[in-house]
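Protein sequence lines correspond, in order, to chains A and B.
Note that the first sequence covers residues 839 to 1238 in the working numbering.
Note that the second sequence covers residues 52 to 282 in the working numbering.
Just so you know, the hints here were simulated from the structure itself, not pulled from any lab data.
Don't take each hint at face value.
Said to hold, decoys possible - Chain B is faced by these chain A residues, among others (derived, beta-carbon under 10 Å):
no. : residue
1   : Val851
2   : Ala854
3   : Ser918
4   : Thr948
5   : Glu1139
6   : Leu1142
7   : Arg1143
8   : Arg1150
9   : Ile1209
10  : Pro1231
Glycine is no exception: its CB is placed at the ideal position from the N, C-alpha and C atoms.
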Amino acid sequence: MNLGQYFAEAIAVLGANRVRSLLTVLGLIIGVTAVIAIQVLGAGTAGAVSGLLGALSDRTFVVLPNQQQADFTRAAIRLSDLQRAKDEVPNVIAAIPAGGQRLLASYGHTHRRITFGAAPDERFATSTPLRFGRKLSEDDIAQSRHVAVVSDKGYEKLHMSGDPTGGSIRIGDRRYTIVGVLGTDKTGILPVNFNLDVSIPYSSYERDFVRGHAIVFARFLMADPSKVEQTEADALHWLRHLKGGRVEYQTFDRKTFSKAVDGIFAGITVVVGLIGAVSLLVAGIGILNIMLVSVAERTREIGLRKAIGATRFQVLLQFFIEALALSGFGCLVGLILGVAIGAFVNNAFIVNFSGVVAPIPWVRSILIATIFTTVVTVAFGTYPAWRAATLDPIEALRYE
Amino acid sequence: MNSARHAIDVQDVTKTYVLGDVRVDALRGVTFTIDSGEYVAIMGPSGSGKSTLMNLLGCLDRPTTGHYLLDGNDVSKLSDDELAAIRLKKLGFVFQGFNLLARTSALKNVALPLFYAGMGTRTRNARASAQLAEVGLGDRMDHKPSELSGGQQQRVAIARALVNDPAVLLADEPTGNLDSQTSEEIMALFEHLNEGGRTIIMVTHDEDVASHAKRVIRVRDGRIVDDQATG
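From just these sequences and the hints, can you work out the full model?
This is the structure we're talking about:
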């Protein structure tokens, strides 16, 4: 049995009815394109999110008062509260202000309002790379030094050029020596990091800016990151007890974000799965229809083939392979378009945003296209092929 | 009983169609033999049963009762796929309407039976082109049916019928769609093939055409009414 010959013949037949064949598989192309594009996009987004989360320490979580509550003032976290946290909440080894504020800053002749705030110490560090100089050290924090690290955004806002380390920057009415410039901050889109233009040691921040003021949110450092849920619960319980009951706080950690993103993607996957199933059904019916038309049109041809000795199986195979070639072509085009569109949107938006390039999920995409081809062919191509195979040659030859 | 092997040995064959409550006796007991190398015309008015007889001889249908031995094998009780195998190996068909695949070259049309016989492309093409040359179309192999005249199309169909070297060539009104001059050409080709040893059975209602055959079997009301060699 020469399958290649059957395929060659099927392609010739479909090619002779080019417009009809194309219109028939259009639904399939759209369905497969949509499903695969979303897969590629999903992989890109998942890669971006895990890239971002990877840059985020799993040893910290953030606590902030809920915006909507009766006594917001009472709920405000103060520096004195945080100083007690490490002694009173199990598994917490430090709690620092993570808030920031907008103040006028001057560098050279540039005066701009910037966001600045407390930089976490090494134990809280993110993996944001350095462009110039160094990060803040334990010593800077221990001695509350007047030093600052500028982010890539701050670098632009203050019109810096070259290596500004060693220079000085004025924030409010205080001066800090620039010791380092950060590269692109991949955690920038997450609310745990405040997207600070300029960071100073949290000890300096406490001393120069926080004293007496409320803290927007606080960053807690754990000794054992595996106990994050228990520690968050303990911290909330402790804060409520400290503030006297009717106050509400929320916490954020790496898992919170992963869960939120996972939830969004589970929803998208279900919706796209449904679209895929519907398009599969519609495309399948289209192929069923056109194959029945094709069998009817070629009744005499089928009669002839049987008269010269084609078995039922050989006729069945011919039409089955035609359906397979049709759906295979549609799925192949859908695969290529889906990957192209998915990769394009991914590059245009997600990679641009996160800087993380996730690999295209080829295996999964090809698997989806293959499953679509198989299901459509078997479910909707078998009946017309069977009809052709069981035609009576005498009747078929007489057919006008 | 003569046990010599005939190309075709039809023994008391009947064919009855039941259409709802109506019983149609298309063949009411037909017995004859055709030897290898004969050239036979089957004639009869419409409704005489000649088409039914042709379908039975062509293994497209099975007799209701009786036996049909083709090339020594009883084919009266075979399954559809077994009959297909017999048609593939032992029979060649030529139709009134040529029945060529429209978008396919003459060469590939002729090679089609060899495809179903499971031969490789090279063997198929070699045998098909030799067969086309034999019917005088060696220079038209890559032409599609629409690029050929009626006579040429029928020649392609004849080449297709012969390409698997069948025991019997069956032709159903082979000149029905052709003008008289082209018909003569096709008849000349049949005569040439018969002289080369081919067994040919031809159904026709045209006396002129039938006169080319060496024996004429006349059918009427499902029975053979006359069977004699022509002068």
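Consistency of the hints with the structure:
Of the supplied interface hints, the one on valine 851 of chain A holds, with its beta-carbon coming within about 8 Å of a beta-carbon of chain B, less than 10 Å. The beta carbon of alanine 854 of chain A comes within 5 Å of a beta carbon in chain B, closer than 10 Å, and the hint placing it at the interface holds. Annotation: interface hint on serine 918 of chain A violated; nearest CB of chain B at approximately 90 Å, more than 10 Å. For threonine 948 of chain A, the interface hint is violated, since its Cβ never comes within 10 Å of a Cβ in chain B; the closest pair sits about 76 Å apart.
A least Cβ separation of about 6 Å between glutamate 1139 of chain A and chain B falls short of the 10 Å threshold, and the interface hint therefore holds. For leucine 1142 of chain A, the shortest C-beta to C-beta distance to chain B is roughly 4 Å, which falls under 10 Å, so the interface hint holds. Interface restraint check for arginine 1143 of chain A: the shortest CB-CB distance to chain B comes to about 7 Å, inside 10 Å, so the restraint holds. The interface hint given for arginine 1150 of chain A is met, as the beta carbon of that residue sits about 6 Å from the closest beta carbon of chain B, less than 10 Å.
The beta carbon of isoleucine 1209 of chain A comes no nearer than 31 Å to any beta carbon in chain B, farther than 10 Å, and the hint placing it at the interface is violated. Taken as an interface hint, proline 1231 of chain A checks out: its beta carbon lies about 5 Å from the nearest beta carbon of chain B, inside 10 Å.
Violated hints, in rising order: 3, 4 and 9; the structure is consistent with all others.
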